[in-house]
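Asker: Letter by letter, the chains look like this.
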Amino acid sequence: MYDIIVIGAGPSGISASIYAVRAGMKVLNLYYGESELEKAHRIDNYYGFVDGITGKELYQNGISQARNLGIDVLEQEVLNIEIKEDLSYNVVTVENTFNAKAVIIATGNKKVRPNIKGIEIYEGKGVSYCAICDGFFYRKKNVAIIGNGEFAIHEANDLENVVNSITIFTNGKEPVNVDKYKVDTRVIKQINGEQKVTSIELEDGQIVDIDGIFIAEGIAGGGSFAKKLGIILDGDNIKVDENMQTNIPGIFACGNLTGGLLQVNKATYEGAKAGLQAVKYIKNII
Amino acid sequence: MSVLELNEGNFEKEVLQSDKVVLIDFYATWCGPCKMQSPIVDEIAEEKQDIKVAKIDIDNNASLAEKYEIMSIPTLLVLKNGEVKKQFVGLTTKNDICDSINSL
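Just so you know, the protein sequences line up as chains A and B, in that order.
So that you can map any letter, position 92 of the first sequence is 92 in the working numbering, and since no number is skipped, the others follow by simple counting.
In the working numbering, each residue's number is its place in the second sequence (first place is 1) plus 1000.
These aren't lab readings, by the way, just hints derived from the structure by calculation.
All values derive from a computational prediction rather than experimental measurement.
A virtual CB, placed ideally from N, CA and C, is assigned to each residue, including glycine.
Don't take each hint at face value.
Only some residues are given here: those of chain A computed to face chain B with a beta carbon under 8 Å [claimed, not checked]: (1) I119; (2) E123; (3) C133; (4) F136; (5) F137; (6) Q195; (7) K196; (8) K228; (9) I232; (10) N247; (11) I248; (12) P249.
Okay, the calculated beta carbon distance ranges per label pair [to be verified]: (13) E1069/B to T185/A: 24 to 34 Å; (14) D1050/B to N96/A: 44 to 54 Å; (15) T1093/B to D204/A: 17 to 27 Å; (16) T198/A to T1093/B: 28 to 38 Å; (17) D241/A to D1050/B: 24 to 34 Å; (18) N1081/B to N96/A: 50 to 60 Å; (19) D241/A to K1013/B: 36 to 46 Å.
Could you put the whole structure together from the sequences, leaning on the hints where they help?
Answerer: Right, dumping it as structure tokens:
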């Protein structure tokens, strides 16, 4: 068991991990996919780099620094966060389940809502972001999952014993490891319905009748965890107080995920705050 | 005012025949966001004595959930004179709920 699990190895996640480990905590940092930082070709405005630095190099430095300090930094895709009865947290990855007393989410600013016409108006009327919460309403019905990877499979697994059929719509993306379920890789034009969702219309003109749609695009980010756990969001950003605490005690968020200035210096500041506050939280609950 | 637990038996009297604004929280015991919504609803019940606040467990009251076409939880309904005036889907903040109630 860990004291703190940090999800995300960008500047915010690594900063949080560093402050926590130096306070004597056992820290695990999980990351997967490309960081926003890696995409920055060159950073000239971050303090301390005479000739600037590439985003990739800064990102790699952070991970190496974290490992040097004794943080377990593992490349594993996080699928879900579960609240246990003893108020600890299970962080479920593709390969493992890890337990911790506190979790810091630093997954960057990923959009929760897919950019597909009709999704927004049918939220709660056939479009859902939480399979466990809403599977009940689709008992013996035909559902679609919009997604293309392990996250989509994970949501499908939560639905398979409840619904009549599941089709994973990748909306033009390549499916990753999806052999267990029916897959449709065509691009989606829009969601159709009246009082509620009735069909998915594809760009090639075909209309597929469907009773419900679950969103699980790409790799799960903080917004997806928020929808499933009940963390308060402000748009795509997780709401935090000045100590990076979310509405759920023991869950913190930092960096681009909380919105505001999308810069490395804001991210590392928030990571430090989150790390320190998570330590305080743990010391109060022990 | 304390939070009412509604069911098919008391719904007509407590909601449709009420002269007060009624806030209803549709929830289920397995739903994480519903657990986060519940204390927010409790606080509103405590603070706003001029409205009725109620919860419906959709697992035991499927027909009420169907009547209001609930397809996602938590869903909150604000009713006045038996009519739905506002619907919130997903975890909703106290401010957003109260703003909507105050506007009626």
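Asker: Decide, hint by hint, whether the structure agrees.
Answerer: Structure-based check of each hint:
1. Annotation: interface hint on I119/A violated; nearest CB of chain B at approximately 13 Å, more than 8 Å.
2. Evaluation of the E123/A hint against chain B yields a held restraint, the C-beta minimum of about 6 Å falling below 8 Å.
3. Below 8 Å, beta-carbon pairs count as interface contacts, and C133/A has one with chain B at about 4 Å; its hint therefore holds.
4. The restraint placing F136/A at the interface with chain B holds, with a minimum CB-CB distance near 7 Å, inside the 8 Å limit.
5. For F137/A, the interface hint holds, since its Cβ comes within 8 Å of a Cβ in chain B; the closest pair sits about 5 Å apart.
6. The beta carbon of Q195/A is positioned within 8 Å of a beta carbon in chain B (closest approach about 7 Å), and the interface hint is therefore held.
7. The closest approach between the C-beta of K196/A and any C-beta of chain B is roughly 6 Å, which is under the 8 Å cut-off, so the hint is satisfied.
8. The beta carbon of K228/A is positioned within 8 Å of a beta carbon in chain B (closest approach about 6 Å), and the interface hint is therefore held.
9. Against a cut-off of 8 Å between C-beta atoms, the interface hint on I232/A holds, since the closest Cβ of chain B lies about 6 Å away.
10. Checking N247/A against chain B by beta carbon gives a least distance of about 6 Å; that is within 8 Å, so the hint holds.
11. About 7 Å separates the beta-carbon of I248/A from the nearest beta-carbon of chain B, less than 8 Å, and the hint is met.
12. Here the hint on P249/A is broken, as its CB sits about 11 Å from the closest CB of chain B, past 8 Å.
13. For the hinted restraint 24 to 34 Å between E1069/B and T185/A, the CB-CB distance of approximately 32 Å keeps it satisfied.
14. Against the hinted window of 44 to 54 Å, the Cβ-Cβ separation of D1050/B and N96/A comes to about 52 Å, which satisfies the hint.
15. As the Cβ distance of T1093/B to D204/A is approximately 41 Å, the hint placing it in 17 to 27 Å is violated.
16. Between T198/A and T1093/B the CB atoms are about 31 Å apart, so this pair conforms to the stated range of 28 to 38 Å.
17. Restraint check, D241/A to D1050/B: a C-beta distance of roughly 30 Å satisfies the suggested window 24 to 34 Å.
18. Between N1081/B and N96/A the beta carbon distance is about 54 Å. The supplied range of 50 to 60 Å therefore holds.
19. Between D241/A and K1013/B the C-beta distance comes to about 41 Å, which sits within the given range of 36 to 46 Å.
In this structure, the hints that do not hold are numbers 1, 12 and 15, in rising order.
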